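Positions -21 to -1, 1 to 127 (mature numbering (1 follows the signal peptide of the UniProt record, and there is no 0)) are the ones given, in order, by the sequence shown.
Do not rely on the hints blindly, as some may be mistaken.
Stated by the list, open to error - Straight-line alpha carbon distances no greater than 30 Å define the calculated DSSO-like cross-link-like pairs of lysine-lysine that follow: (1) K69 <-> K111; (2) K49 <-> K69; (3) K111 <-> K49; (4) K99 <-> K69; (5) K49 <-> K104; (6) K92 <-> K104; (7) K111 <-> K99; (8) K69 <-> K92; (9) K104 <-> K126; (10) K69 <-> K126; (11) K126 <-> K99; (12) K49 <-> K92; (13) K49 <-> K99; (14) K111 <-> K126; (15) K126 <-> K49; (16) K69 <-> K104.
Just so you know, the hints here were simulated from the structure itself, not pulled from any lab data. Keep in mind that this is a model prediction, so the values were computed, not measured.
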Amino acid sequence: MKRLLLALAAAISLTSQPALAAPPTPSQINLDIGTPPVIAVRHSLAQRQSRLIRFFDAGIMGLDINGMVKVRDQERLSRQHLSVQQAAGKTIDQENPDRMSLIYAIAEAHGGKEAIPVVKEMMAKRWREQFKSGWWMEDEHGNWIRKP
């Protein structure tokens, strides 16, 4: 419920912003900005980190080209206990909307909806850079590769 309210608040405030002449450049964006919406979403993301690590370590999940979490090995996941399968689905269903909420909250702090594409690209790059060596990521062609 909290995530839904944060996403709605971000969407409402983004649509109420006056249009900027040009979107901000990456050098004008602070991904570590500490506005209340950003802090709230980061807290939600941090609480889920240990569950994600378990799935990343097992090779069941990975990052897509946009920095979103995705099931990489559906066959392996299907061999897991039902509770593990449900936990995986729930984790992804919570993680990706929170990642988008973080993008919207950072964009809001930098002028509104015009900043979304720049922030989205910057966050995808950051998430991929922070990803642990040996975990799975999609390349630009949609192929799964292990991060060196």
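So if I understand the rule, the pair passes when the alpha-carbon distance is 30 Å or less; does K111 with K49 pass?
holds, 16 Å
Could you grab the alpha-carbon distance between K126 and K99 and see if it respects the 30 Å cut-off?
holds, 21 Å
When you check the alpha-carbon spacing of K126 and K49, does it fall within 30 Å?
holds, 15 Å
With the threshold set at 30 Å, check whether the alpha-carbon distance from K69 to K92 stays at or below it.
This hinted pair holds, its Cα atoms lying about 28 Å apart.
Regarding the pair K92 and K104, is the alpha-carbon distance no greater than 30 Å?
Since the Cα atoms of K92 and K104 sit roughly 19 Å apart, the hinted pair holds (cutoff 30 Å).
30 Å Cα cutoff - pair K69, K111
Judged against 30 Å, a Cα distance of about 22 Å means the pair holds.
For the pair we were handed, K69 and K104, check the Cα-Cα distance against 30 Å.
holds, 24 Å
Just to be careful, I want the Cα atoms of K69 and K126 compared with a cutoff of 30 Å; is the pair within it?
holds, 25 Å
Given hint K92 paired with K49 - CA-CA distance at most 30 Å
This hinted pair holds, its Cα atoms lying about 25 Å apart.
Run the distance test for K111 versus K126: straight-line Cα separation, threshold 30 Å.
holds, 7 Å
Is the hinted pair K49 and K104 satisfied, with a Cα-Cα distance of at most 30 Å?
Within the cut-off at roughly 16 Å; holds.
Holds or violated: K49 to K99, with C-alpha atoms at most 30 Å apart
holds, 17 Å
Checked against the numbered hints given earlier, this structure breaks none of them.
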